[in-house]
Amino acid sequence: MSDDSFFVVIEGIDGAGKTSIARALHNILRQTLGENALLTEEPHNGSLMGAEIRSALRRERELKPVELAQAFALNRSNHLRTVIECHLQREHAVVICDRYLLSSLVYQTRDDITMEDVYQINRWARKPDLTIVLQVSAHIAYQRMDERGKSARELFENDLPTRLKKYCAGVELLRGKGQHIIEVDGNGDISNVFDLVVEAVKRNKPNWLRLQPPLLIE
422 MSDDSFFVVI EGIDGAGKTS IARALHNILR QTLGENALLT EEPHNGSLMG AEIRSALRRE
482 RELKPVELAQ AFALNRSNHL RTVIECHLQR EHAVVICDRY LLSSLVYQTR DDITMEDVYQ
542 INRWARKPDL TIVLQVSAHI AYQRMDERGK SARELFENDL PTRLKKYCAG VELLRGKGQH
602 IIEVDGNGDI SNVFDLVVEA VKRNKPNWLR LQPPLLIE
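Going from the sequence shown to my numbering is simple: count from 1 and add 421.
Don't take each hint at face value.
[Claimed, not checked] No more than 30 Å apart at the CA atoms, straight line, and that leaves these computed lysine-lysine pairs for DSSO-like:
no.	residue 1	residue 2
1	K598	K587
2	K623	K598
3	K485	K586
4	K626	K485
5	K598	K548
6	K598	K626
7	K548	K485
8	K626	K548
[Stated by the list, open to error] Simulated DEER-style distance windows between Cβ atoms:
no.	residue 1	residue 2	range
9	R479	A559	15 to 25 Å
10	R624	E462	18 to 28 Å
11	R511	E462	29 to 39 Å
12	W629	R482	24 to 34 Å
13	P582	K485	16 to 26 Å
14	G609	R569	15 to 25 Å
15	E456	P627	35 to 45 Å
It is worth saying that the hints were derived from the structure and are not from the lab.
We put the CB at the ideal spot given by N, CA and C, even for glycine.
Between the sequences and the hints, there should be enough to build the whole structure, so can you do that?
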């Protein structure tokens, strides 16, 4: 863990609530850090290949599995260089990223592309100081997606039980590579899940980082 910065990733299957949790965590960190707290996401629209990836996820264009994995890697490389690494050069800076390498291991693997293959494509990527994985049942995840009122699901928003199994395998692989990963029960009310996430951050944060009491989130 860096003494001067803190890189946190929030992960989970679609419907796990990670975007709401990431935004709420960013809000409380801004209370003490101001602009030194940054929230970002992957795929990153402002980075190389971002628009092409979003188009593929919306099923507007077709990319072969290996092409999609490479597109995400290019997007991540540019995202790191132009956004994440630049921000983490500040003293006492925090970056919260909604999805990162673990998502690539889960969503870009196929019979002919293993998790190790995808990891090797991304082996240069900066290790997060902390990755928090929201573990949620497929039933709860589908329920939350239905509550969003989306008319059509994106490319990877189906077959969540298989995604859950891949998340477990991906967590094991990254832990074997030395990455620090905490799993949090994400099945409860979102405010309760947020409390668990804040506690996980408190237990694993650098000494200089102060957190205000959690705010209520919608």
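Original post:
If you draw a straight line from the CA of K548 to the CA of K485, is it 30 Å or shorter?
Top reply: holds (27 Å)
Subject >> Range hint 15 to 25 Å (beta carbons of G609 and R569) holds or violated >> reply: Holds: the Cβ-Cβ distance is about 18 Å, inside 15 to 25 Å.
Subject >> Hinted pair K598 and K587, Cα distance within 30 Å >> reply: holds (16 Å)
Original post:
Can the restraint linking K485 and K586 be considered satisfied, given a maximum Cα separation of 30 Å?
Top reply: holds (23 Å)
Original post:
CB of R479 to CB of A559, is that within 15 to 25 Å?
Top reply: holds (22 Å)
Original post:
So the hint says 29 to 39 Å: do the beta-carbon atoms of R511 and E462 match that?
Top reply: violated (20 Å)
**OP:** Given the hint that K598 pairs with K548, test it: the Cα-Cα distance must not exceed 30 Å.
**Re:** Holds. K598 to K548 sits at ~10 Å (cutoff 30 Å).
Original post:
If you draw a straight line from the CA of K626 to the CA of K548, is it 30 Å or shorter?
Top reply: The given pair, whose Cα atoms are some 15 Å apart, holds under the 30 Å limit.
**OP:** Confirm or reject the claim that E456 and P627 have a C-beta distance inside 35 to 45 Å.
**Re:** violated (18 Å)
Subject >> Proposed proximity, K626 with K598 (alpha carbon, max 30 Å) >> reply: Holds: K598 and K626 sit about 20 Å apart, inside 30 Å.
Subject >> Holds or violated: K623 to K598, with C-alpha atoms at most 30 Å apart >> reply: Holds, because 24 Å separates the two Cα atoms, which is no more than 30 Å.
Subject >> Distance restraint between K626 and K485, which requires alpha-carbon spacing of 30 Å or less >> reply: violated (39 Å)
Consistency with the previously given hints fails for numbers 4, 11, 12, 15, ordered from lowest to highest.
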